[in-house]
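**Student:** Sequence:
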Amino acid sequence: MQELYDPQAVEREAQAYWERARSFHVEEDPARPKFYCLSMFPYPSGKLHMGHVRNYTIGDVLTRYHRMRGRNVLQPMGWDAFGLPAENAAMANKVPPAKWTYDNIAYMKAQLKSLGFALDWERELATCRPDYYKWNQWLFTRLFRKGLAYKKTGVVNWDPVDQTVLANEQVIEGRGWRTGALVEKREIPMYFLRITHYAEELLAALDDLPGWPEQVKLMQKNWIGKSEGVRIGFPYRLDDEDRVLWVFTTRADTLMGATFMAVAAEHPIASFAAERNPEVKAFVEECKRGAVMEAELAQIEKKGVPTGLYATHPLSGEKLPVWVGNYVLMGYGEGAVQGVPAHDERDYAFAQKYGLPIKPVIRHRLGERVDPPWKPEYAEYGTCINSGAYDGLAYQEAVDRIAADLGRKNLGEKQVQWRLRDWGISRQRYWGCPIPIVHCEACGDVPVPDAELPVKLPEHLVPDGTGNPLAKMPEFYATRCPSCGKPARRETDTMDTFVDSSWYFARYACPGQDKAMLDERARYWMAVDQYIGGIEHAILHLLYSRFFTRAMRDEGLLPGVSEPFTNLLTQGMVLAESYYTDASGRREWVNPGDVLVERDAKGNIVSAKRSSDGVPVLYDGIGTMSKSKNNGVDPQALIEQYGADTARFYTIFASPPTNTLEWSDKNVAGSARFLKSVWAFAYRFSKALKSRDIDRQRRFRIHSELKQANYDIQRHQFNTVASACMKILNALDEVEEWNATTEEGLSILLRLLSPIAPHLSHHLWRELGFGEDIMKAPWPEADPAALEQDEVELVVQVNGKLRGSIRVPKAADRAAIEGLALANANVQRFVAGQNVKKVVVVPGRLVNLVV
RNA sequence: GCCGGAAUGGCGGAACUGGUAGACGCAGCGGACUCAAAAUCCGCCGAUCGCAAGGUCAUGAGAGUUCGAUUCUCUCUUCCGGCACCA
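Heads up, the first sequence is in my numbering, so the first residue is 1 and it goes up one at a time.
For the record, the hints were derived by calculation from the structure and aren't laboratory data.
What you are looking at is a predicted structure, and each value in this text was computed from that prediction instead of being measured.
Some hints could be false.
The following label-pair restraints were derived from C-beta to C-beta distances [unchecked claim]:
id, residue 1, residue 2, range
1, 196, 145, 28 to 38 Å
2, 687, 788, 26 to 36 Å
3, 389, 152, 16 to 26 Å
4, 788, 70, 41 to 51 Å
5, 514, 559, 34 to 44 Å
6, 285, 151, 23 to 33 Å
7, 445, 516, 22 to 32 Å
8, 146, 317, 53 to 63 Å
By construction, the Cβ of each residue, glycine as well, lies at the ideal position given by its N, Cα and C atoms.
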């Protein structure tokens with residue numbers, strides 16, 4: 001055995017072994033329990049970043065662990081290959097998105113291979129390939145025929161200079177990112193998927209996902225947002241015609257306190273009023289300026305303007321003014337609300353601002369009055385007052401009675417309302433999956449027949465930022481109607497890339513299948529047993545995937561499978577420090593790898609300079625790795641300097657998977673040092689003369705660590721598993737004793753370490769003669785006999801404060817323990833002269849004397 | 001603004017079901033080896049009082065429950081993620 005650890009050589013050799021043995025190839029095997037372990041696939045942005053390394057290392061640790069525990073483990077990999085960055089790169093470099101994407105895939109695939117992940121590459125897929133997106137299109141036509149996909153108008157960000165639709169990301173402070181023009185809202189026809197059809201099921205099924213973090217389930221629950229309330233009609237007259245203005249409210253009990261109505265700027269009443277009233281028109285136009293982002297909308301100043309119209313209160317007959325309000329969302333409920341200033345904070349602010357009456361109708365904890373300023377108690381449930389027939393009723397009774405009374409007048413009924421909206425999938429962009437629809441003047445929107453699928457996306461175009469190039473390309477859009485054969489126009493919008501990623505996990509099960517979207521192999525592998533990815537996907541991607549799985553189930557593609565992911569692990573983000581210099585007048589970001597930092601004894605930064613030229617740099621704090629701040633750490637450099645095992649070990653050791661990980665080059669050196677000392681220890685072991693002795697002390701320590709490590713691995717706290725490896729090595733290394741316990745300990749250490757640092761473990765396992773392939777060795781379990789102890793140490797507290805410790809026989813009874821505790825000299829100092837009122841004994845842990 | 005998280009030494013983090021706060025590692029300091037440096041090895045390492053034994057304080061802030069709270073409850077602060085066209 002070589003004396004020095006050469007990670008590059010060890011890794012090359014191990015990877016060649018796995019390649020030769022096809023170690024990661026998997027097939028369906030009904031005889032063994034299956035385990036489908038999946039990490040979210042990457043967007044091929046250029047090269048791997050540390051977030052990828054972390055994500056795939058976590059997945060690989062679980063994959064190798066379950067493999068050693070005898071499961072048939074599938075871990076595939078692919079590419080989320082459509083999307084906006086490819087178009088941006090295309091514009092910047094005048095290269096087609098396809099070429100840029102395929103080049104990136106090739107580079108990143110080589111990087112993934114160099115990290116030694118146990119991936120079955122024979123299942124690789126890329127969403128931009130026709131053999132994949134064909135099935136997006138196929139399923140879309142099925143959903144379209146069922147009415148689960150349909151067309152209606154939707155609102156988009158419009159850049160009036162480039163004459164193009166912008167993504168939210170491309171709108172910066174209300175302006176287009178390339179043109180700087182003020183962005184406007186525009187309504188255009190789009191295709192929607194009817195996710196609301198499954199709203200009830202998507203909500204209820206969250207209770208049957210014990211393997212998901214509570215936090216994610218709660219976010220999804222709130223996002224779906226079921227609320228039970230009452231739909232209420234307020235009659236009004238328009239153009240000598242009787243009409244009804246409908247609102248939805250969860251607070252029908254406050255109906256008698258309604259003093260005004262407010263409608264969204266897009267509401268038909270607003271449009272009608274705008275035609276007659278210039279003030280309303282100006283306000284509606286003002287509302288149309290700006291972007292569509294909810295976060296922005298929610299923070300703008302609440303404003304409104306009266307339409308001049310009045311609606312009739314359905315119970316009191318009072319005339320209520322109808323306003324247009326910029327805080328009313330057209331997309332939620334009816335696009336109109338009742339204004340109850342006394343019991344709703346937003347309505348209160350609105351009424352205060354415009355001098356509208358405030359009429360308290362609920363007795364709240366502070367009494368019956370509503371006086372400025374607003375207090376949260378005003379919005380709480382209470383009994384009705386000033387409400388005529390409803391006085392004295394509590395919330396539920398009031399709602400029931402009011403709904404019943406409204407029902408008799410045909411002006412209301414109880415209703416369930418969802419916050420969840422249908423999913424608009426149309427994108428006016430080139431680099432995506434074409435929507436398989438042909439627009440025919442005679443036949444309308446006709447889905448492309450199966451035989452003509454896929455609708456192929458031409459791969460040679462270069463977008464120029466002024467709209468979708470497909471719409472300027474007759475060879476693409478000029479076609480004939482599949483139904484009547486007359487000339488027709490092909491849809492040029494493409495699908496939201498979230499569609500691509502909503503079912504890829506099932507497609508991995510069916511490599512090579514070109515006759516169907518999925519086949520019976522998907523039934524063997526689905527659902528994914530462990531899904532791993534960033535917390536930033538907690539809502540959209542995961543919800544869309546849950547929806548798609550149900551849509552596929554109902555198409556007969558996945559019988560009996562409703563949930564795609566049985567267990568979910570949401571990893572934290574990888575952060576790094578950022579530094580800049582403003583020597584040149586504007587901020588120039590310096591990569592932390594090029595910064596020399598000087599710290600004081602407390603570790604605070606005293607000064608920092610660029611290593612290349614000594615220019616002083618300033619510290620900007622810690623944040624997500626990004627191109628704009630030039631603080632990305634390139635995993636490639638790390639792999640080249642230390643090897644893949646160190647990169648993997650560090651990302652696992654640095655923090656638990658769910659935490660954010662703050663990058664530090666110095667800590668990497670510590671991980672490298674540990675792997676080096678494992679090698680050094682193995683080398684000395686290989687040379688040593690071994691006895692057959694067992695030493696109980698060390699064996700106890702090793703098996704205690706192992707027991708804890710096995711618990712930690714099950715709860716996915718991998719950083720302490722890495723610590724356990726260090727602790728075991730420390731225990732082995734403490735004495736120069738080469739016996740049977742050393743050998744056992746080393747074999748435990750290598751197996752425990754192998755999911756994290758597989759190359760080194762693989763090499764040493766063979767080198768030391770433990771076996772042919774460590775992946776085929778059984779996972780180590782703690783030996784209960786090794787954990788037995790005759791004596792235990794108990795901590796002694798007086799009034800909850802630590803005052804000493806005692807050693808007692810394992811079987812000692814309460815009285816004996818109490819006696820020993822009181823005999824302790826330091827304990828005596830604090831007990832002397834006082835009454836012991838109570839003695840708490842926690843077996844195996846502590847004694848607390850209360851005086 | 002709304003929804004969901006997080007906060008422990010100079011730093012990353014540990015602490016099992018409410019039971020010894022700071023495991024393991026990094027950085028730092030002192031020493032050994034060396035002509036010297038690197039590497040390696042040994043020791044120290046929350047604050048504070050004390051010659052020492054030991055004491056006191058301390059888990060973002062403030063309250064509460066408990067024999068005992070980093071852990072449970074309430075209020076607040078700061079930071080992070082998401083908000084439907086970034087992926």
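**Student:** When the hints from earlier in the document are held up against this structure, which numbers fail?
**Tutor:** 1, 3, 4, 5, 8
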